[in-house]
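Enquirer: Protein sequences, first through last, are from chains A and B. Going by this note's numbering, 24 is the number at position 24 of the first sequence; the sequence numbering is gapless. Going by this note's numbering, 165 is the number at position 165 of the second sequence; the sequence numbering is gapless.
The hints are simulated quantities; they were obtained by calculation from the structure and are not laboratory data. All values derive from a computational prediction rather than experimental measurement. Heads up, a few of these hints could be off.
In silico DMTMM-like links for lysine to aspartate or glutamate, alpha-carbon gap of 20 angstroms or less [said to hold, decoys possible]:
#: 1; chain 1: B; residue 1: K76; chain 2: B; residue 2: E53
#: 2; chain 1: B; residue 1: K76; chain 2: A; residue 2: E240
#: 3; chain 1: B; residue 1: K76; chain 2: B; residue 2: E110
#: 4; chain 1: B; residue 1: K76; chain 2: A; residue 2: E248
#: 5; chain 1: B; residue 1: K76; chain 2: B; residue 2: E35
#: 6; chain 1: B; residue 1: K76; chain 2: B; residue 2: E107
From chain A, some residues computed to sit far from chain B (all C-beta separations above 12 angstroms) [what the hints assert, rightly or not]:
#: 7; residue: S43
#: 8; residue: P139
#: 9; residue: E179
#: 10; residue: A207
All C-beta atoms in this analysis are idealised placements derived from N, C-alpha and C, irrespective of residue type, glycine included.
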Amino acid sequence: MTAPLGRRGARITARERYGAYVVLRCADADGPTPAAGQFYMLSCAAGWGGGEGERPFLPRAFSVLRACPASAPLELEFLVEDVGPGTRRLSELLPGEELLLTGPFGAGFRPPHRGRRPLLVGGGVGLAPLAIWQDQLGPDTTALLGFRDAMHAPGAELMSAPRVATEDGSAGHRGLVTELLAAELEADPQAEVYACGPPAMLEAIRALCAELELPAQLALESGMACGFGACFGCVVPTREGYVRLCLEGPVLDAHLLETAAVAGAGH
Amino acid sequence: MVELCGLELAHPIINGSGTFDAIAARRAFGEQLLERFPFAAFVSKTVTLTPREGNPPPRLWELAGGLINSIGLPNKGLAGFLAEDLPQLAELPVPVIVNVMGFSRQEVAELVQACSARPEVAALELNVSCPNVETGLVMGADPDELARLLARVRPLTDKPLIVKLTPNASDVVAVARAAQDAGASALSLINTLRGMALDPRSGEPWLGGVTGGVSGPAVRAVALAQVHAVCGAVQLPVIGMGGVQRGRDALDLIRAGARAVAVGTESFRDPAAGDRVAAELELLSASADGAQLVSPQPF
Ligand SMILES: Cc1cc2nc3c(=O)[nH]c(=O)nc-3n(C[C@H](O)[C@H](O)[C@H](O)COP(=O)(O)OP(=O)(O)OC[C@H]3O[C@@H](n4cnc5c(N)ncnc54)[C@H](O)[C@@H]3O)c2cc1C
Ligand SMILES: Cc1cc2nc3c(=O)[nH]c(=O)nc-3n(C[C@H](O)[C@H](O)[C@H](O)COP(=O)(O)O)c2cc1C
Ligand code: FES
Numbered sequence: 001m002t003a004p005l006g007r008r009g010a011r012i013t014a015r016e017r018y019g020a021y022v023v024l025r026c027a028d029a030d031g032p033t034p035a036a037g038q039f040y041m042l043s044c045a046a047g048w049g050g051g052e053g054e055r056p057f058l059p060r061a062f063s064v065l066r067a068c069p070a071s072a073p074l075e076l077e078f079l080v081e082d083v084g085p086g087t088r089r090l091s092e093l094l095p096g097e098e099l100l101l102t103g104p105f106g107a108g109f110r111p112p113h114r115g116r117r118p119l120l121v122g123g124g125v126g127l128a129p130l131a132i133w134q135d136q137l138g139p140d141t142t143a144l145l146g147f148r149d150a151m152h153a154p155g156a157e158l159m160s161a162p163r164v165a166t167e168d169g170s171a172g173h174r175g176l177v178t179e180l181l182a183a184e185l186e187a188d189p190q191a192e193v194y195a196c197g198p199p200a201m202l203e204a205i206r207a208l209c210a211e212l213e214l215p216a217q218l219a220l221e222s223g224m225a226c227g228f229g230a231c232f233g234c235v236v237p238t239r240e241g242y243v244r245l246c247l248e249g250p251v252l253d254a255h256l257l258e259t260a261a262v263a264g265a266g267h
Numbered sequence: 001m002v003e004l005c006g007l008e009l010a011h012p013i014i015n016g017s018g019t020f021d022a023i024a025a026r027r028a029f030g031e032q033l034l035e036r037f038p039f040a041a042f043v044s045k046t047v048t049l050t051p052r053e054g055n056p057p058p059r060l061w062e063l064a065g066g067l068i069n070s071i072g073l074p075n076k077g078l079a080g081f082l083a084e085d086l087p088q089l090a091e092l093p094v095p096v097i098v099n100v101m102g103f104s105r106q107e108v109a110e111l112v113q114a115c116s117a118r119p120e121v122a123a124l125e126l127n128v129s130c131p132n133v134e135t136g137l138v139m140g141a142d143p144d145e146l147a148r149l150l151a152r153v154r155p156l157t158d159k160p161l162i163v164k165l166t167p168n169a170s171d172v173v174a175v176a177r178a179a180q181d182a183g184a185s186a187l188s189l190i191n192t193l194r195g196m197a198l199d200p201r202s203g204e205p206w207l208g209g210v211t212g213g214v215s216g217p218a219v220r221a222v223a224l225a226q227v228h229a230v231c232g233a234v235q236l237p238v239i240g241m242g243g244v245q246r247g248r249d250a251l252d253l254i255r256a257g258a259r260a261v262a263v264g265t266e267s268f269r270d271p272a273a274g275d276r277v278a279a280e281l282e283l284l285s286a287s288a289d290g291a292q293l294v295s296p297q298p299f
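Working from the sequences, and respecting the hints, build out all of it.
Expert: Below is the structure:
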C-alpha cells in the first residue's frame with residue numbers, strides 16, 4: 001500500500017491506557033487502509049521538541065495496531081510505550097489534539113505458507129503489529145505474549161485470547177514468552193511464526209526457528225529518520241548485505257538474518 | 001523560473017544530495033511522486049567509482065534541532081548507477097544532477113567522464129568532502145588541492161560542474177575562490193559539519209562510523225554565515241543549504257546571495273517539504289514586506 005506524498009494531520013479521537021501503554025486512536029481521512037505490519041512516522045503538531053535533551057526532532061516509527069476501515073473516515077490505532085522524549089510526548093496527546101503522520105510505509109506480514117498454522121509471538125509493545133494481523137487471520141489465531149511485569153501485562157487485553165508470560169510471574173506463565181513458544185512448537189511442528197519484540201527476544205526466536213527449520217517472519221526495529229528510504233539510516237545487516245528496514249521491512253524473513261539483534265535498536 | 005548555470009528550474013528549491021532517494025520514494029508514494037515532484041531539480045546521492053556498503057549501524061543520532069549521520073556513502077558504484085538508477089531518474093519531471101565523489105583525481109575524472117557522456121545528466125556536482133588517498137588532503141578543504149582536481153576534471157565535460165564545499169575547512173572562502181578560478185560552474189554549501197555522540201550507557205561512540213555529519217536547523221546559522229561569506233567573494237551562482245525548514249529560511253539564504261536553495265534533513269520529517277518551502281518562499285517573495293510574513297509551521 002503506497003502512502004500519500006507529504007505529512008498530514010490526524011486528529012486524536014480517543015486515548016486509552018492499558019497499564020504502562022497508551023493506545024491512541026486518530027482519524028486519517030486522507031490515508032489508505034494499511035496492511036498488517038506496515039508502520040507510520042508520527043510526531044505531534046504542537047510541542048515536538050523541548051523534551052529531554054531538547055528532543056524530539058525527528059518523527060518516530062509506529063506499527064499500526066489496528067485499522068478500522070469500516071469507520072468513515074478511516075481510523076488508525078497506535079500503541080505507545082513511553083521510553084524517551086518522543087514516545088513521552090506522543091503518549092500525552094489528548095483527544096482533539098493533532099498528530100502529524102506519514103505512511104503507511106514498508107512491507108508487512110505475508111500469509112503463511114500452505115498448510116502452516118500461523119503462530120503470533122509478541123514481546124511488550126511488539127504486540128502492536130500482531131494485533132492487526134490477528135484481526136485479519138481470525139480471532140482463533142494463537143497468540144503468545146510476553147511482558148516484563150504487572151504494569152505491562154494489561155497490554156494482553158489488546159489481543160484475542162493470548163497466552164501470557166510475565167518475567168515477574170504477576171500474570172500467566174512466570175518466565176519468558178520464548179519458553180511458551182518452545183513448548184508450542186514441540187506440540188505443533190507445522191507452525192509459521194510471526195514475531196515482534198525486543199532484539200534479544202527476536203534473536204532467540206530466530207535461532208529456535210532456524211534449529212527447527214520453521215519459517216518465521218520477524219518485525220524488526222531500528223533507528224529511523226524518514227521511513228521512506230531517503231536517509232539510509234535504518235539499515236540492518238542481512239545475509240545479502242545491509243538493507244533499509246523501512247523499505248525491505250520492517251517484516252523480514254528470519255532466514256535472511258544472521259542475527260535479529262540489531263545495533264542501536266531497543267531501549 | 002530560475003536559471004542555474006544553464007539549467008532552467010521552475011522554482012529555486014532542490015534537494016540536498018543524499019537526503020531524498022527518488023527511486024525509493026516512488027516505491028513508497030507511487031506515481032503521485034512524479035505528478036507532484038517536490039523539487040525543481042533532483043540531485044542524486046553521492047556516486048563513487050566502486051560500490052560501497054556504507055558504515056555499520058547505528059548510523060543516526062538525534063540532536064536538539066538536527067541529527068548526526070554516519071551513513072558512509074552507500075551506493076551501487078558508477079556502473080550500477082548508470083545501468084540501473086539513471087534510467088529511472090530520467091523519468092523524473094525535473095533535471096537530474098549527479099553527485100560524484102572519488103578518492104583520487106583519476107577516480108573523479110572517470111566519474112565525471114562517464115556521467116557526462118549520458119544525456120540524462122543535466123549537471124554534475126562534485127562532493128569534495130573526502131581525502132585524496134594520494135595526498136592525504138581533503139580535496140575540498142585545501143584551495144590548491146581543489147584547484148589541481150578541477151584542472152584535471154574541468155576539461156572533461158561541457159556540462160555544468162557544481163562544487164559542493166565542505167564547511168570543515170579552515171578557510172571556506174579561499175576554497176570557493178579557488179573553485180571559481182579553476183572553472184567551476186556553481187558552488188553548493190554547506191555539507192554536514194563533523195560531529196559525534198557517545199552512547200549514554202557505555203560512554204563509547206554511538207555511531208558505527210565513530211564520527212558523523214551534523215545537519216538540520218542546528219547548522220542553519222553556520223550555513224547562512226558561510227553562504228554570505230562565499231557570495232560576497234565569488235561571482236558564481238551558489239546553491240545554499242543547511243537547516244532549511246521553511247520558506248523563511250530559504251529567503252534568508254537567497255538574501256545572503258544564494259541563487260537556489262536545497263532542502264535536506266527537513267525532507268525526512270516531511271517528504272513534501274521541498275514543495276512546501278517553495279510555496280512559502282513564493283508567498284514571501286510576492287509580499288511587499290517579506291520579512292513580516294512567517295509561516296506558522298511549528299519547529
Ligand atoms: C518499524 C517500527 C515500528 C515501531 N512500532 C512501535 C510501536 O508500535 N509502539 C512503540 O511504542 N514503539 C514502536 N517502535 C519504537 C519507537 O519508534 C521508539 O521507541 C521511539 O522511536 C523512541 O523514541 P523516544 O524519543 O521515545 O526515545 P529515544 O530516546 O529516542 O529512543 C530510545 C532509544 O534510542 C536510543 N537513543 C537515545 N538517545 C538517542 C539519540 N539522541 N539519538 C538516537 N538514538 C538515541 C537509545 O537506544 C534509546 O534507548 C517502532 C519502531 C520501528 C522502527
Ligand atoms: C542522512 C544524510 C545523508 C547525506 N548524504 C550526502 C551525500 O551522499 N552526498 C553529499 O554531498 N551530501 C550528503 N548530505 C549532506 C546534505 O546534502 C546537506 O548538504 C546537509 O545535510 C545540509 O543540509 P540540511 O541541514 O538541510 O540537511 C547528507 C546529509 C544527510 C543528513
Ligand atoms: S528510515 Fe530513512 S532510509 Fe529507512
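Enquirer: State for each hint whether it applies.
Expert: Structure-based check of each hint:
For the hint linking K76 of chain B to E53 of chain B, the alpha-carbon distance of about 8 angstroms falls within 20 angstroms, and the restraint holds. At most 20 angstroms may separate the alpha-carbon atoms for a hinted pair to count; K76 of chain B and E240 of chain A meet this at roughly 14 angstroms. For the given pair, K76 of chain B sits about 16 angstroms from E110 of chain B by alpha-carbon distance, which is consistent with the 20 angstroms threshold. Our distance criterion of 20 angstroms between C-alpha atoms is met by K76 of chain B and E248 of chain A, whose separation comes to about 17 angstroms.
The suggested pairing of K76 of chain B with E35 of chain B is violated, with an alpha-carbon distance near 27 angstroms, which exceeds 20 angstroms. Pair hint K76 of chain B plus E107 of chain B holds up; C-alpha atoms about 15 angstroms apart against a cutoff of 20 angstroms. Here S43 of chain A does not stay apart from chain B, with its beta-carbon only about 7 angstroms from theirs, under the 12 angstroms limit. With a least CB separation of 32 angstroms from chain B, P139 of chain A remains clear of the 12 angstroms interface cut-off, as annotated.
Residue-level check passed: E179 of chain A sits 28 angstroms from the nearest beta carbon of chain B, beyond 12 angstroms. At the 12 angstroms boundary, the C-beta of A207 of chain A stays outside the reach of chain B, the nearest C-beta of that chain being 21 angstroms off.
Violated hints for the displayed structure, listed by number in ascending order: 5 and 7.
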